[in-house]
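Take these sequences, add in the hints, and give me the full structure.
Here are the chains, one letter per residue:
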Amino acid sequence: MPTLIKGRRIVHENLSLPKGEVLRLEPADDLALVAERLPHAARVEVNFPKFGDGRGYSIARLLRSRYGYRGELRAVGEVTRDLLAYMEACGFDAFLLRDGEDPARALAGFDELSEAYQASAVRPLPLFRRRAA
Amino acid sequence: MYRYDDIDQRLVDERVAQFRDQTRRFMAGELSEEQFRALRLRNGLYIQRYAPMLRIAIPYGLLSARQLRKLAAIARKYDRGYGHFSTRQNLQLNWPKLEDVPEILAELATVQMHAIQTSGNCVRNVTTDQLAGVAADEIVDSFVWCELIRQWSTFNPEFSFLPRKFKIAVNGARQDRAAVGVHDIGLRAVRNSGSEPEFQERSGSDPELEDVGFRILVGGGLGRTPMVGHVIREFLPWRHLLTYLEAILRVYNRHGRRDNIHKARIKILVKELGPERFRDQVEAEWAHLKDGPSTLIPEEIARVESRFTRPSYEKSGSDQDISQSEKSGSDPIYAAWRRRNVHAHKVPGYAAVSLSLKRTGVAPGDVSAGEMEAIADLAERYSFGELRVTHEQNLVLADVRRRDLPALWREARALGLATPNIGLLTNIISCPGGDYCALANAKSIPVAQAIQSRFEDLDHLFDIGELDLNISGCMNACGHHHVGHIGILGVDKNGEEFYQVEIGGAQSPAALGKVIGPAFARHEVPDVIERLIECYLERRDSEAERFVDVVHRIGIPPFKERVYANAHQGPSHRSREPVPA
Numbered sequence: 599m600p601t602l603i604k605g606r607r608i609v610h611e612n613l614s615l616p617k618g619e620v621l622r623l624e625p626a627d628d629l630a631l632v633a634e635r636l637p638h639a640a641r642v643e644v645n646f647p648k649f650g651d652g653r654g655y656s657i658a659r660l661l662r663s664r665y666g667y668r669g670e671l672r673a674v675g676e677v678t679r680d681l682l683a684y685m686e687a688c689g690f691d692a693f694l695l696r697d698g699e700d701p702a703r704a705l706a707g708f709d710e711l712s713e714a715y716q717a718s719a720v721r722p723l724p725l726f727r728r729r730a731a
Numbered sequence: 392m393y394r395y396d397d398i399d400q401r402l403v404d405e406r407v408a409q410f411r412d413q414t415r416r417f418m419a420g421e422l423s424e425e426q427f428r429a430l431r432l433r434n435g436l437y438i439q440r441y442a443p444m445l446r447i448a449i450p451y452g453l454l455s456a457r458q459l460r461k462l463a464a465i466a467r468k469y470d471r472g473y474g475h476f477s478t479r480q481n482l483q484l485n486w487p488k489l490e491d492v493p494e495i496l497a498e499l500a501t502v503q504m505h506a507i508q509t510s511g512n513c514v515r516n517v518t519t520d521q522l523a524g525v526a527a528d529e530i531v532d533s534f535v536w537c538e539l540i541r542q543w544s545t546f547n548p549e550f551s552f553l554p555r556k557f558k559i560a561v562n563g564a565r566q567d568r569a570a571v572g573v574h575d576i577g578l579r580a581v582r583n584s585g586s587e588p589e590f591q592e593r594s595g596s597d598p599e600l601e602d603v604g605f606r607i608l609v610g611g612g613l614g615r616t617p618m619v620g621h622v623i624r625e626f627l628p629w630r631h632l633l634t635y636l637e638a639i640l641r642v643y644n645r646h647g648r649r650d651n652i653h654k655a656r657i658k659i660l661v662k663e664l665g666p667e668r669f670r671d672q673v674e675a676e677w678a679h680l681k682d683g684p685s686t687l688i689p690e691e692i693a694r695v696e697s698r699f700t701r702p703s704y705e706k707s708g709s710d711q712d713i714s715q716s717e718k719s720g721s722d723p724i725y726a727a728w729r730r731r732n733v734h735a736h737k738v739p740g741y742a743a744v745s746l747s748l749k750r751t752g753v754a755p756g757d758v759s760a761g762e763m764e765a766i767a768d769l770a771e772r773y774s775f776g777e778l779r780v781t782h783e784q785n786l787v788l789a790d791v792r793r794r795d796l797p798a799l800w801r802e803a804r805a806l807g808l809a810t811p812n813i814g815l816l817t818n819i820i821s822c823p824g825g826d827y828c829a830l831a832n833a834k835s836i837p838v839a840q841a842i843q844s845r846f847e848d849l850d851h852l853f854d855i856g857e858l859d860l861n862i863s864g865c866m867n868a869c870g871h872h873h874v875g876h877i878g879i880l881g882v883d884k885n886g887e888e889f890y891q892v893e894i895g896g897a898q899s900p901a902a903l904g905k906v907i908g909p910a911f912a913r914h915e916v917p918d919v920i921e922r923l924i925e926c927y928l929e930r931r932d933s934e935a936e937r938f939v940d941v942v943h944r945i946g947i948p949p950f951k952e953r954v955y956a957n958a959h960q961g962p963s964h965r966s967r968e969p970v971p972a
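From first to last, the protein sequence lines are chains A and B.
The first sequence begins at 599 in the working numbering and counts up by one.
The second sequence begins at 392 in the working numbering and counts up by one.
Fair warning: there could be bad hints in the mix.
As the list claims (entries may be wrong) - Straight-line C-alpha distance at most 25 Å; calculated BS3-like pairs for lysine-lysine:
id : chain 1 : residue 1 : chain 2 : residue 2
1  : B       : Lys706    : A       : Lys648
2  : A       : Lys617    : A       : Lys604
3  : B       : Lys706    : B       : Lys681
4  : B       : Lys558    : B       : Lys654
5  : B       : Lys905    : B       : Lys654
6  : B       : Lys556    : A       : Lys648
7  : B       : Lys558    : B       : Lys884
8  : B       : Lys905    : A       : Lys648
9  : B       : Lys488    : B       : Lys461
For the record, the hints were derived by calculation from the structure and aren't laboratory data.
Owing to the predicted nature of the structure, the values given are computational and were not obtained by experimental measurement.
Set out below in structure tokens:
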């Protein structure tokens, strides 16, 4: 069974249905069409059908910054250790690991790089503004 | 040189550790071939025809003597003692062992180098004018802006898995020496003429910066569908550079095609939407990002500027002194070298010098470890320990005292690096081709060598004048054949190597060449070039009219006729059917 990481911890999900709707987005989905459902969603899942399909990263950035979504944002599909840090920086806070990923080792994926130049969900100011502050 | 600060160094060191672990996991079977492929490709590591190929980043082509010595040591220790400078101003090693790559990266990190994002579907090494910082026609020092873009694009989490690779070029001078028209994004520094009142902003402390901005071109590129980029914004104030790039990349990341690798570059998206609609989407996206936290600040420009070392130029002697010392080299070959390989410098008493890596008999861009060390030595003694790699696969010593030119020439000549052919026919751009590359349809290096041998006579070469001849071994166009005044493309026909010839391409202003007709066998190519040149020499108005100017003036047919006219009488058999472009 795939493992869920939330708040950088391995968690076992309560299988009872969540309160509210689970919105699942595919890479080509138009966010404007789901915008009004976001405030009522129990969580939003963004699917990564392939390792190299990077559309989900922009979707997450937009959900967090443009649409102001604050609830659980879960990456599903091809979610592997080597992508976790990128996903987190774009705004994901929950990660359903792909089958076969070693969950304990996957956690190491978050901390391989200790700084970032860009503004992100993790670091709202780019490095140059934090330096100048 | 840009000097890393603690954070720059830490990130590169951490990347080494990360890649070491990824390689270990692959060798231990924890990562599949496919998973590791995507990871190694983010770090310049290809599995090639005979061995892995490691592409080492030389950000915007700027290299120190110390770094070049390290590259020499690495080439000797982990490879076969040589490297290949590519058209993206990088260095490629063609024979490293996979298991050695983490160690190579660790050694690179000790001299502030890496292989980050030199391959893969991400923002690649930013390229620029090899005369940045020294050109007399400079508007801004493009190195500073390239470094800002390097930082912004390095491990950018949102844009690490784009539909396809992404190449940005920056030109900071009036003349475009960075070929901005054939890049995914081309940036040209401009000064605001005041025509856009909405951008009459104050930029604080630095009056030099105040009216600086960029003209933004998008959707150019070579490859199998060559296109010239479109200007989507005439003037973008410098503060907004990163947010505007973010808007372009986001539109591309979300809407670029992912169903077909050959239609995945941004140029296809721009073409399918049309430049106006594409621009509208970018501007709509940018409206949300404009003035946000990624808006640049003068302090950051000043900080990055201050991390570049600057040569401490000496006050030049009188003009008399300069001309006296230059007279000491009265050799006609020295005079030829002065004409072709020495370039104007903004500081009196100094010049920039091209070291040609295009000698007859050596693959274009190839250098041995010993040569790297000798070149590092020249850079230390003549040019403040710094050099630049050009996208034409040569090296430039950017800060040479004019009075040292004769001495430098003698030393460079002894090393075989003073071929006076910059801008001339034998300064051939070529990809590694079928001798090394798994993608190639045909060899390119032997073709380059055959042409160089045919045109060895310097008087003839100088008489022909400026001519860019570019060769690619397949339609991925790494040898930039579309923008050569003469472009040669290797094609495969039923397992045999043939070569298609284009004429009329140019780097700047960007123009794409047109195919003259059916392809040729390899041994025919030098004859074909000779006939094209004959036609040109007969038709030109004067020596000032270059080959490409004549092609643009009279069109392809006279050249085509000359090349194919005697097809039935010549020794070669040219009755081939056309190869589709």
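Quiz item: Checking against the hints above, which ones are violated?
Solution: 1, 3, 7 and 8
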